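A.B. asks: So you can see what is in the structure, the chains are spelled out below.
2 protein chains.
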Amino acid sequence: MKIPHQEVIRILTEIFIKYGFSKGNADLCATLFAKASLEGVPSHGLDRVPVFLKMIRNKLVFPDKQAELMDAFGFFERWNGNLGPGMLNASICMERAINISKEFGIGVIALQNTNHWMRAGNYGWQAVESGCIGICFTNTKPNMPAWGGSEPKLGNNPLVIAIPRKSGHIVLDMAMSQFSYGKMNTFLRADKEMPYEAGFDQEGKLSKSPAEIIEHELALPIGLWKGAGLSLVLDMLATILSGGQATNEVGQSGEEYGLSQVFICLDPKRLGMDTWSEEKLDGIIEDLTSSSTFLGNKVRFPGEKIPEIRKENMEKGIPVDEQVWEKILGER
Amino acid sequence: MKIPHQEVIRILTEIFIKYGFSKGNADLCATLFAKASLEGVPSHGLDRVPVFLKMIRNKLVFPDKQAELMDAFGFFERWNGNLGPGMLNASICMERAINISKEFGIGVIALQNTNHWMRAGNYGWQAVESGCIGICFTNTKPNMPAWGGSEPKLGNNPLVIAIPRKSGHIVLDMAMSQFSYGKMNTFLRADKEMPYEAGFDQEGKLSKSPAEIIEHELALPIGLWKGAGLSLVLDMLATILSGGQATNEVGQSGEEYGLSQVFICLDPKRLGMDTWSEEKLDGIIEDLTSSSTFLGNKVRFPGEKIPEIRKENMEKGIPVDEQVWEKILGER
Chain P
1 MKIPHQEVIR ILTEIFIKYG FSKGNADLCA TLFAKASLEG VPSHGLDRVP
51 VFLKMIRNKL VFPDKQAELM DAFGFFERWN GNLGPGMLNA SICMERAINI
101 SKEFGIGVIA LQNTNHWMRA GNYGWQAVES GCIGICFTNT KPNMPAWGGS
151 EPKLGNNPLV IAIPRKSGHI VLDMAMSQFS YGKMNTFLRA DKEMPYEAGF
201 DQEGKLSKSP AEIIEHELAL PIGLWKGAGL SLVLDMLATI LSGGQATNEV
251 GQSGEEYGLS QVFICLDPKR LGMDTWSEEK LDGIIEDLTS SSTFLGNKVR
301 FPGEKIPEIR KENMEKGIPV DEQVWEKILG ER
Chain W
1 MKIPHQEVIR ILTEIFIKYG FSKGNADLCA TLFAKASLEG VPSHGLDRVP
51 VFLKMIRNKL VFPDKQAELM DAFGFFERWN GNLGPGMLNA SICMERAINI
101 SKEFGIGVIA LQNTNHWMRA GNYGWQAVES GCIGICFTNT KPNMPAWGGS
151 EPKLGNNPLV IAIPRKSGHI VLDMAMSQFS YGKMNTFLRA DKEMPYEAGF
201 DQEGKLSKSP AEIIEHELAL PIGLWKGAGL SLVLDMLATI LSGGQATNEV
251 GQSGEEYGLS QVFICLDPKR LGMDTWSEEK LDGIIEDLTS SSTFLGNKVR
301 FPGEKIPEIR KENMEKGIPV DEQVWEKILG ER
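So the protein lines, in turn, are chains P and W.
Quick note on numbering: the first sequence equals residues 1 to 332 in my numbering.
Quick note on numbering: the second sequence equals residues 1 to 332 in my numbering.
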């Protein structure tokens with residue numbers, strides 16, 4: 001089914017206010033959930049609303065709390081998320097990084113004690129729509145093995161790198177696991193194998209079978225030992241910059257809350273890049289998309305399809321799973 | 001064969017002076033080539049010296065040139081490498097990033113018009129040995145396909161993330177390809193398949209056969225479409241920050257020179273992280289290395305083995321391929 005964008009926001013805002021959000025924060029969080037579904041990522045949009053509300057009921061997310069400044073070092077600030085809603089905190093911190101970068105050329109915010117930010121890409125789009133290069137990453141609970149390991153020790157630690165460009169922003173939004181558990185569950189329900197190796201079986205061999213990967217939380221790091229290493233250092237950076245919890249500390253509760261995140265912005269104009277940036281980026285994209293391909297299709301760049309998905313869903317309504325929408329309506 | 005560390009440096013310095021380096025620059029470049037081999041990466045150490053000298057003879061690398069400042073924006077500077085030796089320029093720029101970070105908390109240097117920096121990890125070690133977090137990346141000539149592509153369009157764009165820690169620095173040094181062409185050539189010469197999928201065959205299927213991957217330059221990006229995306233945005237960042245050449249521009253010459261690089265340092269002390277940084281990092285490493293494993297071995301962290309390799313080779317001499325050493329001696 002499809003629900004008009006404004007109606008989604010209106011209904012979510014109403015629910016969030018009932019759950020104890022201020023009017024302004026309810027509206028912002030509703031807009032961010034709606035944005036994920038609007039732009040084709042329902043797994044981190046409306047599909048997550050019921051889980052998010054449950055975390056509020058379980059007092060893991062506090063709807064009346066939000067990020068506040070701890071320490072300021074000019075271009076660098078450390079914030080405490082106070083276990084407020086993750087997407088609210090992330091949005092506040094990326095906005096702060098944008099504003100600092102407009103002043104200093106770069107802005108870096110490290111955020112401790114926050115919660116799941118839902119769709120990572122939202123904050124990349126936030127940066128590029130303000131004309132900034134945006135880089136952000138988060139740690140998570142342990143959900144991937146170390147290289148050679150037979151138990152989850154690493155987070156899938158999503159990373160966003162977003163680059164503004166007049167004729168189409170580039171927004172890379174990727175977790176360190178080859179496939180998300182959400183995607184693997186979809187294949188499992190359809191009784192299908194994954195299209196590429198997705199994790200490890202109980203002998204430590206690469207596997208495409210979602211059932212056993214999910215059961216033991218042995219998702220495959222991208223590039224095997226390489227993604228395992230990248231996940232590790234992203235966790236370290238988020239942890240020591242923010243002074244917050246590392247993935248292993250998050251894992252001790254058995255729940256996923258109290259995360260550490262980093263938000264970085266660079267203002268191309270302030271750093272003298274605006275005279276060549278558009279031309280250079282256009283050249284890179286033109287060369288990339290002119291690549292010959294095995295299937296005769298056109299190579300796409302990260303984020304390329306988002307504007308057209310957004311436009312279509314703005315016109316025709318946001319696609320929502322019927323059961324999910326029923327659950328959401330039941331919360332009013 | 002094994003050659004004492006000091007003798008390697010002495011002989012390389014002598015050769016570089018003969019090739020037109022100043023005494024100081026000859027010594028620094030010799031030390032950096034020796035360091036790669038000393039620390040177990042001969043493919044980007046002594047093995048590369050003959051190719052490096054050839055690039056000087058072919059006037060692609062200018063031994064009497066070095067990086068100089070173009071624009072300064074406080075914590076951010078743009079430098080021109082003047083097509084000088086890549087490892088010399090990279091070392092100068094990382095040193096500058098370290099010094100700026102000691103003043104501002106962060107230092108960012110974007111370097112255009114430089115050359116291959118040989119072993120990427122050297123500059124990560126340079127940062128951590130000065131007590132700084134170091135992040136650096138470079139673009140390269142096109143040597144990997146885009147996702148779905150049947151020709152090389154992306155660089156393998158090595159990335160280094162290095163984090164200082166008293167009981168063992170963490171230094172991640174990874175290219176965006178699953179295996180280097182050097183590694184694939186080693187397997188090819190031994191008439192062996194790669195241990196994991198390493199690229200694409202001529203039907204676009206994943207392949208472990210080094211011969212056909214090397215022939216068409218279709219190395220596998222780590223994590224398939226994910227590493228392809230990461231490679232793309234690293235190229236974009238290096239290009240627009242430095243104002244230098246993108247991978248597609250580098251590729252037009254048929255040679256690999258005139259690269260773009262970025263060097264970032266953060267000073268943990270200056271950013272108030274030193275009170276918790278060691279404890280947090282030790283906790284992460286302890287948790288990681290306590291992981292159960294499929295083979296009963298111990299999980300390692302990136303860079304863990306380097307100090308012991310360095311120590312052994314310092315004592316017993318640097319291992320060098322005999323033919324390589326003969327070639328080097330022939331340049332005196």
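Calculated directly from the structure, the hints in this document are not laboratory data.
Remember, it's a predicted structure, so these values are computed and weren't measured experimentally.
It is possible that some hints are incorrect.
Unchecked claim - Here are the simulated BS3-like cross-link-like pairs (lysine-lysine), alpha carbons at most 30 Å apart as the crow flies:
(1) P:Lys65 / P:Lys18
(2) W:Lys102 / P:Lys205
(3) P:Lys192 / W:Lys316
(4) P:Lys269 / W:Lys59
(5) P:Lys208 / P:Lys305
(6) W:Lys305 / W:Lys316
(7) W:Lys316 / P:Lys205
To be verified - So these bits of chain W aren't anywhere near chain P, every CB distance computed over 10 Å:
(8) Ile11
(9) Glu151
(10) Val233
(11) Asp287
(12) Lys311
(13) Trp325
Using N, Cα and C, we set each Cβ at its ideal position, and we do this for glycine too.
A.B. asks: State for each hint whether it applies.
C.D. replies: To see whether the hints hold, each was checked on the structure:
| no. | hint | in the structure |
| --- | --- | --- |
| 1 | P:Lys65 / P:Lys18 | holds (15 Å) |
| 2 | W:Lys102 / P:Lys205 | violated (46 Å) |
| 3 | P:Lys192 / W:Lys316 | violated (55 Å) |
| 4 | P:Lys269 / W:Lys59 | violated (35 Å) |
| 5 | P:Lys208 / P:Lys305 | holds (27 Å) |
| 6 | W:Lys305 / W:Lys316 | holds (17 Å) |
| 7 | W:Lys316 / P:Lys205 | violated (38 Å) |
| 8 | Ile11 | holds (34 Å) |
| 9 | Glu151 | violated (5 Å) |
| 10 | Val233 | violated (4 Å) |
| 11 | Asp287 | violated (4 Å) |
| 12 | Lys311 | holds (23 Å) |
| 13 | Trp325 | holds (31 Å) |
Consistency note: the structure conflicts with the earlier hints numbered 2, 3, 4, 7, 9, 10 and 11.
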